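Please model the complete structure; the sequences and the hints are all you need to start from.
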Amino acid sequence: MSILGTRVVRTEDPLFLTRGAVYTDDLTDERLTGALHATFVRSQVAHGRLLSVDTAAALEAPGVVAVVTAADVTDLVDIPPPFPFINAAMTRPWLASDRVRFVGDPIAVVLTEERYQGEDAAEMVVVDVDPLPAVVGTAAAATDEVLLFPEAGTNLLAAFGEPVPEDFFDGCEVVVTQALVNQRVAPVPLESRAAAAAWDPDGRVTVWCTNQGAQQARGQLGDWLEMDPDLIHLITPDVGGGFGAKIGADPEYAFIAWLARHVGRPVRWAESRSENMIGMLHGRAQDQVVTIGGRRDGTVEAYSLVFDQDCGAYPRIGAVLPTLTMLMAPGVYAFPKVHAQGRALATTTTSIGAYRGAGRPEATAAVERAVDLFAAEIGMDPAEVRRKNLVPAFSAPHTTPMGATYDNGDYTAALDKALEAAGYDELRAEQARRREAGDVRQLGIGLSVYVEITGADNGAGTKEAAELEVHADGTATVLTGTSPHGQGHATAWAMIASDQLGIPMEKITVLHGDTDLVPQGGGTMGSRSLQQGGAAVHQAADELIEEARRRAAERLEVDPTDLVVDLGLAGLAVRGTPGAGVSFAELAAEERLLVNTVFNADAPTFPFGAHVAVVELDVESGKAQVVRVVTVDDAGTVINPLIAEGQRHGGIAQGVAQALLEEVLYDEDGNPTTSTLADYPFVSATELPSFELVEMATPTPMNPLGAKGIGEAGTIGSTPAVQNAVIDAAAHLGVRHVDMPVTPMRVWRAIQQAGSHAQQEGN
Amino acid sequence: MQVSITVNGEQRTDEVEPRLLLAHYLREVRGLRATNIGCDSTSCGACTVIVDGLSVKSCTVLAAQADGAQVTTLEGLAGADGELHPVQAAFRAEHGLQCGFCTPGMVMAAIGVLADNPDPTDREVREGLEGNLCRCTGYHNIVRAVLTAAQAGPAAGQVPQAQEVQA
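These protein sequences, in sequence, are chains A and B. 208 is the number of the first residue of the first sequence in my numbering; add one for each residue after it. 2 is the number of the first residue of the second sequence in my numbering; add one for each residue after it.
Just so you know, these hints were derived from the structure itself, not from any lab.
Partial selection, computed: residues in chain B whose CB lies under 8 Å from chain A:
hint	residue
1	C45
2	L75
3	E76
4	G101
5	C137
6	G139
7	N142
Looking from chain A toward chain B, a few residues come up when the C-beta cut is under 10 Å (computed):
hint	residue
8	V863
9	L895
10	P896
If you want the footprint, here are the derived chain B segments under chain A, 3+ residues with CB under 8 Å:
hint	segment
11	88-100
12	121-128
Keep in mind the model is a prediction, meaning the values are calculated, not measured. Glycine is no exception: its CB is placed at the ideal position from the N, C-alpha and C atoms.
As C-alpha cells, this is what we get:
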C-alpha cells in the first residue's frame, strides 16, 4: 500500500520537541565566534528632513565598537525600486541621509560586543528630524499634496487597468455599490527577523538569515552589494514562520553582510518584536469600491472592483499585489462582465509585502461581500445567489473575463458539501428563532466560496529543482529548492521518494536552504511547494529509476524493459524471475547514483473551496464570537492529510483574525499605535473554535502528483465567511455592512446607526 | 552578581548582570536555546519555562529572581533514554507544531495547564493557553495535543525533575 495519502507524523518533530529547532539567533557556528551585535537606530518620525545624527555619546558607551551612519556607506548605491515600472527616483537608502519616510526607517547602526549594550548605546544616538506632514492612507497619498519622493513628482507607483466604462451597469435592475476596507495587518511570524554574516579571508561571505527562499535572497544580496552571487553562501536555518513576510531579502540582511566587511568582524542581528512590528513587511492594505449589478432573480450581470493599494514608504511586493487582486476579481463566479482597476501608492508607513494569500484574499473578500450585499438588496438567500452565479463544474480549462485560466473545479459541489456539513437549513431556522425571540445573542451565518491561484510564476518561473541520490549504504538524500518554515517538506518529500523507491522514510534525508548545496530554487511562497518542489522530487525519482534500469540491465544482462521496481528490495527486479534483481544501493556502490532535475509546471493551479462561519453576536455590546468554521478546501491530491489539515487550520485562523481582530493602525502623524504584541490583537486560542474540515479532492492535471496549493486557501476562504457572518447576525437590525476588523465598537455603532436610520424612516 | 540556578537538574553558579532576563540567561549563559523569545511585552509565551513548579514567561523574570530556583526547559523533558514526555509525544502525534518557534513555550505552558486541570475541556485548554501565541497551527492541533496528553494521566502535568507543577 502506498504511503501517499496517509497521516505520517513529521520527521522534523523529535528534534523540534526535545532540543528545539535551530533558528538564526540560535546559531553557534564557529564562524560567528566573536560576532558583534548590530542594533538599528530607527526613525521615530514618520516623515521629515533628517538634519543631523550625533553619534558621539553612543561611541563612548560601554562595548561600542562602531556607530555607522549614512556618511559611512560610501561604496553602496541606494536600492532601486524592485519593479521596472516604478519611477526610478523611488530608491531606498541603506541608512537615511536627508529624509526619513516612515517610523522605523533605519538611520544608524550600533555595533557592540554584547547584545544589551546595543540597546543602551542606540538610545544615545541623537537624531534631529524636521518633521514634514505624514502621508497616511491611500486617499492622502493620491492627492500628491505631500510627496515621499519629490524627484518622482508623485506618490503613484503604478496604475493597473482602465476606469469602469460609463455604460457598464446599464440594463441592470439592481446595482449596489459599497466602499470596503481590506485593512493593513501584520504577518507576525513568531520568529522575528534575524541575520548573521561572516567573511572568509578569500572574500566570500556566509550569510545566515530567516527567509522563505535562500536562492532569491542570495541573488538580491549579489545585486545590492554588487557581488558575484557565487561569492555569497546564503543559509536559511530553521525558520520560525514566514507567511509571506520573509519572501525576498530585507535590506537589513544585506546590510549585516556589509557591516561585517566594514568592521572586519562577524556581525549578527536579531530584532525585537517591537522593531519587527514596524520594520517587517505588513500585508493587505487595500481600499476598495465594489459595484455589483444584476436582475432581481439573483443573476449578476456585471461586477466592478476599483481599489487603491497602500504600499508603504518603499515599494516591495505590495506594488504588484493589485495585479493578483484584479486577476482573481470574479473569483468563482460566471459574471458575464467583470471590471477591475487598481493603483499602487506610497505612504509614510511600513512597506507592504505578501501576507498569506497576497492579493487573492483581497479579491475574494471584495466579491464575497459584494454578493452578500446584492443578495441582501434583492432579499434572496446568499447561498441561493451564489448557486445561481457559480461557474458550473468544469474539467477542461476555463478562462475568466480577467484572463485567468482555471485548471478545473466544481464550486457548486464545494458549496453544497460545506452547507450540508454545517447544517445550513437548521442554522437558518435557529437564526429565525432567535430573531423572533429578540435574543441578545443573535446567530450569524456567513458564506464564502473561493478560488485562488497557486504556484504562479514568482519570478523564478513555475519550476523547481530537485537532486536525489541513493547511497551505497541504502540511504538517500533529497536536495530541494523549496524552503520549508513549518510546512513539513522533510516529511512529505521523503514520503514521495520512499513511495517510488522503496527506501524507508527514515533513511531519506531532505536538505534545503543552503545555496552551496542547492544553488537553484524558487523557495516556499504562493502555495507552490508541493505542486512544484514535490513534483520535482517525484520526477527525480522517476529519472533515478530509469538510470538504475540502464545500469541494472547491463549488470544483470537482461533487457531493460524486463526490469520492474521492487519496493521491498528498494531496487529493480527481473520480471518473472524470483530472486533476480539489484538494489539501488548496490548500483550506487558501483557508481554514484544521482540525478538532478527541474520540474516545470508550465502553469499555475486554482484550488477552491467553500467556508461557512457561524458566529454568536451580542447585539448589545457588538461582540461576536466565532462558534463554528466549516470548510471545504479542495487542493487536489493530498500527500499527507495531517500536514494538509495543519495548513488549513493555520490559514483559517489567520483569516478569522483579519475579519475579527487584527489591524495595524497609525495616527494622523504616521505614528504606529499597534507596534507591540500588547497593542496588536494577535489572535489567541480563546478567540477561535476548533475547525470542522470537510474533504474534497479534485486532482489537477498540471503535475503528476495531482496536487494544488493548500498553504493560503484557509486564509482566503475564512475572512469573508466570518465578516459576512457577523453582518448577517445584525442584518435583521438593518445592518448592511461593517468594515474589517468587525470589532465590537464597529458592530455596535453600525447597529446604532441602522436603528436610528430606521427610526427616521419610520417618522 | 552571582546566581545559583538549577536547570534541568543541573545546578550552576554564574556571574550575571542584575538586569539579565532569565530567558537570556537560559539561552546565552546556559546555552539552552530551545527557549525562544517572540516578543518584548510578555504577550507571546514562547519563552515559557517551569520555575519551581510554576509555568512562567522567562522574559519577565530576572535571572536574579530565579536565584536558588529549579528551572525546567524543553531540553529537560524527555527521559535519558529519549522517551518523550507525554505532552511532547502528543504534540508530535497530533501535529501540534509547524515552524516550531512557539513550541517549547507551548509545551511548557501545556504542562502547567494539565498540572492545574488534569482533565480539561477544549474551552479550558484554550483559556489555559491564552497567553501563548502560535501563528502556524490556528491552535486546533495544539488543543487536540493537550487533550491527548491528558489521557496519559498525571505524568502529563509533571516535569521529570519531580517538581509539583502548578498553572
